[in-house]
Amino acid sequence: MTALSALVIVAGLATVGGALVAVTGRDVRHALAGLVVSLAAASLVADPLPSPAGIGTRIVAVLLGGYLLSIALRAGSTVARGSLAGRSAESFAAAAAFVVGFGSSGLGATALGPPVAQGVGFALLVLAIGPVVRATDIYRLGVGLALLLTGAALVRVGLAGTPGPLEQLAMAGLTVGLLGSVAILRAGAASASGALTIEDGSATKARFDAHPIVAAETKVGRRRSVARTSVHPAGHQRVSLGRGRPTPADRDGSDAELGP
Amino acid sequence: MSLVPFLAITFGAAAAAFVVRHLPRLSLAIGLLGLLAATGAGLTIVPGDNLAIAGVRGIQTTEFGRLFVVLGCATGLLTVLIGLATAWQPSLPAALLAGFGALGLGLAIGDPIVAVLVVVAGALVGSMVTLARPITDRAIGVAARELRAIAVAGALALLGMAWIPRPLGPRTLPPEMFGLAFLLVAVAVSLRFGALPFHRWAARLAATAPEIALPLLLVWAPAAFAVVALAWMDRSIAPFLVPLDVERGIVVAIGAASIMLGGAAAWLQDDLEHVVGYSIVQDSGFVILGLAILDTSAWQPTRTWLLVFVLVKTAFAAWAAAVRVRFGTRQIPELAGWARRSPLLGAGLALIAVSTIGVPGLLAWDVRDSLIRLTLGSGLMHALVALGGLLSLTYYLRLALVGRKPASALVRAAPGDAPARRGHERPTAEESPAVPGGGYEELAGRQPRESTRSLARAEAVVARTWQANRAPIAATGVLLLSLIAVAAGTGWLDLGSAATAAAPELPTPGGAPSDSGGGPSFQPIGTP
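Residue numbers (numbering that gives the first Met the number 0), protein chains in the order written: chain A, 0 to 259; chain B, 0 to 527.
By construction, these hints were calculated from the structure, which means they are not laboratory data. Ideal placement from N, C-alpha and C gives every residue a C-beta, glycine not left out. Wrong hints could be hidden among the right ones.
[Unchecked claim] Going by beta-carbon spacing under 8 Å, a handful of chain B positions derived as facing chain A:
| id | residue |
| --- | --- |
| 1 | Gly-57 |
| 2 | Ala-120 |
| 3 | Leu-146 |
| 4 | Ala-154 |
| 5 | Leu-389 |
| 6 | Leu-392 |
[As the list claims (entries may be wrong)] Partial list, derived from the structure: chain A residues whose beta carbon lies under 8 Å from chain B:
| id | residue |
| --- | --- |
| 7 | Ala-13 |
| 8 | Asp-46 |
| 9 | Pro-47 |
| 10 | Thr-135 |
| 11 | Ile-137 |
| 12 | Leu-147 |
| 13 | Arg-155 |
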């Protein structure tokens, strides 16, 4: 094993380890530190290594983005939800994804980059799925998006080789742009109502806006299904189907989110 | 390198406007001057100029990129003025400058992966314009969705493009891999436009974001993304003549569904902003069709339509903002008689409709027809999708018919198009029910000061004149945007020749020929 290969492996481990801390950490400061380590180490996962200027640019961009996020994190709670799956489950999932990525190096063709890069990229993509698909707060979504884009960039390194200086510069700009945008959103959320949750982030709520069903009750088997109608101040009708009592939003029609 | 002044102006002015945002008038002045200077700098861009980064030629200006940024900055300037006269969004000038700077740079980069990174970064920064004050949880939620859509689309495109890099060199791929890579990039573009079935986030964004910011968020940034994707397909997929029937079928289905269902959805909506959002979804369907053609013949009509599309939708979004603020509602049934009250806005909508659809022989009609024909041939499907495209008429006609009805009380109470005779007369609350505290007055943060000094007096007169004439100013701005759109849609602006220009060359160390890699040689689409 050459020194360069060892460096790539160490950088890959740091990238995945940092990403695990970022996704599962319950203290946002620790999670942010993990994210910064992960994104910074990702710039070293390439064979041959990028130019020192390229690596330096990426690391400075990560530090700048992390600093912007840390400013935004000063307002509001420092407690994050972490991963519902737990650290062990996330670790196993990342390890499995690494094996798949490493083993399928090149994705059907000759790889121009190290297999480790593709493995680490796959691991990051798997770790990003939860926060991106089921993000409950701005910060967690930001972590997921940063890992998603970095993972995609690492798969690209594994497939097509070491990025050139212009690509390093563009990736640095993207990192600052993404983390800065998340910081602005986080600060905006803290100043709006203090709630950092993403409103109606769940896709599982069934809403039927098109057909005005008026106070119908049906019995399906032994369970009781209730159709509720509320009238929005703007004149729309909002109907939701479900069991149990109407929610406050159903009663006062305060939810203006009406789809087509 | 003629691109450098443009980049320096856009990024410099954006940063300056952002830094001094606590001084609203200074920030606005920097933004307006920046957009004006950027338009001028865009005009001086010389197509074919090269710029080397670390010894690698990776940036090359093109005629298409030049036209894109010039039109973007010019319409952006008009958009800011309309926003100032209607619903002001303080971060709009900085977002426009940063966005168009990034889009201009992205369109000049030959390596599609780098170009995607730059375009995505610009879109991310530009998306922050959705946070209109006062910031609400709902606005945060919508901005978060926008952020997610941009980043996910960027990641998909990055993966797809990296799979088939150019030059291919020692790599050879089975045909299925070409198909998957093509599908990833096409889905990324569809997601970015909010095409069906990825329209949910775009509809919510259209309902929540400031109307005046919609062109940047839903039109210009996705259009630049599509241009980069099209260039990649031209170089990496089309030359190899791989049969991709299934993948192309999926992409055609997305495009056709967007055209037909997007038009129907826009017709059914009662909310003006939803109409604008779904009309964007509908017209983006033609771009998606263009991606599915995978032939040299797709290059010119797709890129021409992209230019028409961005101009028309910018004008339509500005029209919606002007109507909403003038009449104090965005519910179409409450807008009875709007065209009688504001003939300028009525003329604007008519021009927008003409430039979107056109008639046979005009540019907009011809490029739409050729995109459908190149994708679906001349059979039944061609007729169906062409009819779906004509569904645009339904919502334009609905708006026009509502405008011709007898004016409702709400519309009667709104100011007309006639300018105020004296600048010092301020509109009463009844005359301007929808714009309390908006525009210049809010920007200044105080009443225009009364002073004996001539400069202060002139400032006060300008402020009062502006305040008293916001409605006709906004309507005139919309009319100007509509005229630009109609010039594009009818072919008076020579978009076709710019659209045929070749994409930027791939990065080459030391200026070697760009296609010296191991892949098969081919003539890039659009090269004369």
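Okay, the hints, checked on the actual structure:
no. : hint    : in the structure
1   : Gly-57  : holds (5 Å)
2   : Ala-120 : holds (4 Å)
3   : Leu-146 : holds (6 Å)
4   : Ala-154 : holds (4 Å)
5   : Leu-389 : violated (20 Å)
6   : Leu-392 : violated (19 Å)
7   : Ala-13  : violated (21 Å)
8   : Asp-46  : violated (16 Å)
9   : Pro-47  : violated (15 Å)
10  : Thr-135 : violated (11 Å)
11  : Ile-137 : holds (6 Å)
12  : Leu-147 : holds (5 Å)
13  : Arg-155 : holds (3 Å)
In terms of the numbered hints stated before, the structure departs from hints 5, 6, 7, 8, 9 and 10, listed from lowest to highest.
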